Amino acid sequence: MASLLSLVEKHPAIWRGNQAPIGQSRRLATGYLSLDEAILGGFPEYGVVRISGRTGIGELSLLKNVFTQTSENAFYLFVNPPGVLITNSLRRVNVVPENVHVVSTSSELSLWAAEEAIKSASCSVLLLWCEHINAAQARRLQVAAVQHECLVVIFEPENQRSAALPVPLDLTITAIDQGLQVDIRKLQGGWPKQNIVVPVSFTPNNTTINSLMRKYSMHAEDDALHG
Amino acid sequence: MARQRWLCLHFFRLTLDNAKANGSVPDQQPAVAYHQASNNVLQVNSCARKVGIEVGMGLAHAAALCENLTVIDYAEEIEHSQLRLLAASLYQCAAEISLQPPCRLFIRIDNLVRYYGDYQQIWLAIKNTLHHREVNFVFACGWSPENAEALAKRGQSSFLLCDKKIENILAALPVQALSIADKHANALHRAGIRHAGELLKLPPTELGKRFDSELLKYLFALRGESQPQRLFYHPPSNFSHSVLLSYEVEDATRLQRYLDQCLRDMELFLRLRNAGSQAISITLYFREAPEMPISVRKSDVRFSYSEWRQLIKLKLETLELPAPVTHFEFSSEKPQSYAADTADFFNSRKHLFARQLLFGRLAARLGEDAISVPHTLQDHRFTSGVESESDNTQDNLEEFTPTYLLKHPQPLTDSPKIEFGPVRIESGWWDENKEKRDYFIGRNQHGQRIQIFRENGNWFLNGWYA
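Residue numbers (the working numbering), protein chains in the order written: chain Y, 1 to 227; chain P, 1001 to 1466.
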């Protein structure tokens, strides 16, 4: 009898409840293949992710698919966003506006507010904009985020060339013609990679109208020439 | 005629006991309660008594006898409020409580026998309640409040039920121990009446000829033959407590200890009424600065000691005091009884509850207006400041709506490349904020997508797309 149980226990795919292997949480895919391959399948489900880059180059649109993979009534907290957040645009990035709250406070207290929000265990996704976060503060948030099952995304302005933080994922994004160029500064469990091109397009543009107008204006010229 | 029974509780050291509970009097140290106006030491604790300080001494005399004497200021209102607190806690055992400020309580106990069984049980219940409060008192039992009071004034506690014994002790009391006006006491002394027994033997008609009706009423009450009307204690509908600090507090966080005690009292108050409160107001009084009201709010009604304590702690941490605090007032606002329909508390409320707790905590530290919801554009004007009365959902312009809007549009400094546009919006002719703008999406040299518009030939930056 005992030997049968030990046979079962020895099987590599079977484990007891209190031995749940860590690091088995799933990755949330961003939907952009080049990026997903490089970051082990996607963003970590819980933990801190830092994205350094300018505002308005598509940072939230990059996370569009990640947001769809959170639970139904997930609660989003935006701490110190760069401007007044508009609900009509939140639907574009698959965030339900009714579940969103915004906290605006000074930069010193924003970290405290973020930690409180994570520890309350009521927040699924926390988006924090701050000028600068050092390794110790990031570590604190990381420990709290993993313990209370929260995804924390920290947006930092681009010119902070600081050291990589002890977090699962640390990215730098820059805008290029085709979309975004992502450099991985740190990836837990993988190698950092540079120059990943992600074709993010999130605003309407005039290319269609321009091409049509060009086409029809050429035809108009032809007609005019040929009378 | 069935005789009533009253219990008199005389708290002879109420101010000092309260100060000890607050922590203002260190253990095993002599302390006195000093009344400044009459220059009298009114209350003396046991350590001070050992050194030789007595009630009625002046402050200089007391200080000469003892070097490290702790002096607590005696204030009648504070002692009265302490007495009311005691009555509130005793109200849980007995219904008919009459207060005699500043430090005496009368409880009618003969009608409680029906509930408790016998006097022993009543006495144990009362004693237990008072034990939690840690107050010193002298008690006596008599036929009427005046009777019990006279017995308690002897200084010895007694719980006598035998009528004969009460009569004997009463008879042996000196006339000074009774609560009669001084002139009457002097007149009786001159007449040769030394003891209460002799006084009670005198025929009332003769007494009535020489003294006024007040004395007669008192004597009748003393004998237990009449019961003058008494005002009984009614618990207040709102919790309010004022605390006099024994030394001025300069640092706001030091107030936490006193506020914790007030919270405990409030917890008892609310629990007895099955109510909760969403806001607490604390008013701080300074010696020379105007009073400062503080309000602490919570998002849900249910009382939680640890939660309130944390909210108050957060509030105190960010508080700046203009001057040292001398005393403060603590009151709860509008206790609301718990409605029965919040009974399904456990189904799927956990996250909502946690969210409300979080908001309460954030609001306490950061202020009420730190927390907001995203702004919804009501009509086609891309302005965050405009409160519109229309309710248009912008289905066709959703692609074009920026993610972040500036509070006020700023003049455009660099020259972005236009990617999309123009979208001409002419709107707002029905209210003050009429606008006619051409909106574009621009892309600057860093790749940021910004919303810019042209109004009257000038270019402005309105927001960003993320």
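Hints are supplied without guarantee of correctness; some may be wrong.
[To be verified] Derived list of chain P stretches under chain Y, where covered just means 3 residues or more per stretch with a C-beta under 8 Å from a C-beta of chain Y:
# : region
1 : 1078-1090
2 : 1223-1235
[Claimed, not checked] Calculated cross-link-like contacts (lysine-lysine; reagent style BS3-like; alpha-carbon spacing at most 25 Å):
#  : chain 1 : residue 1 : chain 2 : residue 2
3  : P       : Lys-1209  : P       : Lys-1183
4  : P       : Lys-1217  : P       : Lys-1165
5  : P       : Lys-1334  : P       : Lys-1313
6  : P       : Lys-1165  : Y       : Lys-119
7  : P       : Lys-1183  : P       : Lys-1165
8  : P       : Lys-1164  : P       : Lys-1183
9  : P       : Lys-1209  : P       : Lys-1153
10 : Y       : Lys-119   : P       : Lys-1315
11 : P       : Lys-1407  : Y       : Lys-215
These aren't lab readings, by the way, just hints derived from the structure by calculation.
Computed from a predicted structure; not experimentally measured.
Yeah, the Cβ is synthetic: ideal placement off N, Cα and C, and Gly gets one too.
Each hint, compared with the structure:
Given a C-beta distance limit of less than 8 Å, the hint that chain Y covers the region 1078-1090 of chain P is violated, as 0 residues qualify and 3 are needed. Counting residues of the region 1223-1235 of chain P whose beta-carbon sits less than 8 Å from any beta-carbon of chain Y gives 0, not enough to reach three: the coverage restraint is violated. Taking the CA atoms of Lys-1209(P) and Lys-1183(P), the gap is about 16 Å. The hint holds against a cut of 25 Å. For the suggested pair Lys-1217(P) and Lys-1165(P), the alpha carbons sit about 23 Å apart, so the restraint of at most 25 Å is met.
The hinted pair formed by Lys-1334(P) and Lys-1313(P) meets the criterion: a straight-line CA distance of about 22 Å does not exceed 25 Å. For the hint linking Lys-1165(P) to Lys-119(Y), the alpha-carbon distance of about 67 Å lies beyond 25 Å, and the restraint is violated. Between Lys-1183(P) and Lys-1165(P) the CA atoms are separated by roughly 30 Å; this puts the pair beyond 25 Å, and the hint is violated. Under the criterion of a C-alpha separation no larger than 25 Å, the hint pairing Lys-1164(P) with Lys-1183(P) is inconsistent with the structure, at around 31 Å.
Taken as a hint, the Lys-1209(P) and Lys-1153(P) pair is broken in the structure, with Cα atoms around 29 Å apart against an allowance of 25 Å. Between the alpha carbons of Lys-119(Y) and Lys-1315(P) the distance comes to roughly 19 Å, so the proposed pair stays at or under 25 Å and holds. Between Lys-1407(P) and Lys-215(Y) the alpha-carbon distance is near 41 Å, which puts this suggested pair outside the 25 Å criterion.
Hint compliance for this structure: hints 1, 2, 6, 7, 8, 9 and 11 are not met, and every other hint is.
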